[in-house]
Amino acid sequence: MPSGQDDIMIVDTNKCMHCGGCVGCCPQNAIFLCDYILTFNDDCNKCGRCTRLCPVGALTLEAKA
Amino acid sequence: MKTLKCEVLVVGAGPAGGMAAKSCAERGIDTILIEKKAEIGAPLRCAEGVSKKMFTEIGIEPRPEWICADMKGAIIKSPNGTAFQLDESHAGAEVGYVLERHLFDKGISVLAAEAGAKLMMRTWMTGPIKEGDKIVGAHCISMGEPLDIYCDCIVGADGIESQVGRWCGMDTNLKLNDIEPCIQYRMANCKCSMEFCEFILGRSIAPGGYLWIFPKGNGIANVGIGISAEFCKNGVRPKQFLDKFIAEDPRFKDAQIIEIDAGFDSTCPGLESGYSVANVLLVGDSARLVDPITGGGIGHACVSGMYAGEVLAECKKNNDYSAKALKEYDKKIIKRMEDGLYRDWMAKEKLAELDDDTINELVGILASADIEHVNVQNLLIVLKEKYPKLVEGFEDLI
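If you read the sequences in order, they're chains A and B.
Just so you know, we're using the working numbering here: the first sequence kicks off at 1 and counts up by one.
Just so you know, we're using the working numbering here: the second sequence kicks off at 1 and counts up by one.
In case anyone wonders, no lab produced these hints; they're calculated from the structure.
Source: prediction; values computed, not measured.
Since no wrong hints were added, every one of them can be taken at face value.
Sample of chain A residues facing chain B (criterion: CB under 8 Å; computed from the structure):
{"hint": "1", "residue": "C19"}
{"hint": "2", "residue": "C25"}
{"hint": "3", "residue": "L53"}
A virtual CB, placed ideally from N, CA and C, is assigned to each residue, including glycine.
With the hints as extra help, turn the sequences into a complete structure.
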């Protein structure tokens with residue numbers, strides 16, 4: 001799953017429960033949650049930990065088209 | 001830019017932040033409590049279980065509306081159905097209440113307000129304000145407008161998301177084996193006991209964690225699961241374990257989900273690098289003060305919030321919020337919690353390695369033992385005698 005810097009994080013807003021778990025377990029502190037909006041900043045190194053741990057599978061890494 | 005000044009700024013109005021604000025304000029500290037969301041205590045991220053003795057420790061009489069159900073005891077079950085039932089006379093104050101968290105959290109903030117704390121909703125911190133290396137306040141957004149709040153000390157009570165600590169140079173990162181992703185359904189029309197909390201262990205049920213049934217009365221229960229992050233790979237997620245359990249347990253045959261909650265537990269033994277730096281301290285989940293075995297964090301949150309107020313009152317008296325002065329807070333946390341957290345962390349690590357057969361055997365040992373007063377410590381004493389391998393490496397803490 002961990003992959004190239006060119007990949008992009010995709011948040012499935014229909015799945016996200018806004019629990020904030022990904023924010024807390026991000027080793028880069030690159031994820032931010034405000035209300036119902038999850039954002040990633042440039043510190044994200046696409047390690048894939050959040051995609052693996054999201055309880056509902058709302059996060060995926062996808063190759064840049 | 002709008003600015004405000006106070007002595008202590010508390011970031012986050014959960015139980016830890018609410019208690020910290022109450023505890024500061026009632027000691028005459030000029031306190032502001034900010035909360036990111038529009039409502040305190042929602043959405044729920046918790047199984048809502050708390051021990052009764054917590055309320056004695058924090059000196060708060062629980063209000064009837066905070067308590068959904070008063071537990072008669074607890075049941076620990078292994079995968080083959082072996083059950084170890086603790087009733088209240090044995091479980092004492094360890095077994096407790098299932099709360100109505102949104103009312104409890106609001107209730108604690110009401111106490112903070114009554115003590116004189118100022119509350120600001122829809123207000124969140126975006127980073128520390130620094131003068132040189134010194135943290136002198138927090139950049140915030142309040143109702144969509146930028147706001148700088150200058151203060152002598154920031155209390156980080158921002159939960160598992162915990163950015164205050166990281167912004168202020170504290171290492172709150174979690175190792176993979178110390179993260180427990182959780183999911184919970186609130187279910188109606190359940191046929192489970194409404195008087196006992198149930199904990200179900202075993203690798204086939206909840207690898208590296210447990211599944212819980214916490215009744216809330218009138219056929220409603222919180223049915224949830226946490227599994228170790230180490231087992232979350234190749235698409236394995238806690239939800240599928242929970243769905244499987246519910247589908248196979250006849251007590252939930254006619255039950256319906258009325259709420260879905262997700263959340264993470266930290267299961268580390270506290271923070272290695274300490275709980276405070278100059279002008280900043282962390283309370284509750286943001287300080288990773290969650291019991292690694294039970295996942296319980298409400299008690300530690302409230303107690304750490306109370307300690308924050310006690311220490312900050314001394315800081316105010318001496319006008320000294322230095323790292324050295326705040327170390328008193330660390331000392332209180334370490335004295336009260338760290339042995340227990342470390343013991344339970346070791347036990348969690350060992351339990352995660354056990355297969356279902358061994359769990360069946362261990363629950364059988366507990367069921368046949370005569371335990372006068374049940375708590376994690378006493379359960380481990382029994383297991384230490386019959387199954388010493390389980391406690392290898394931390395015998396001295398038992």
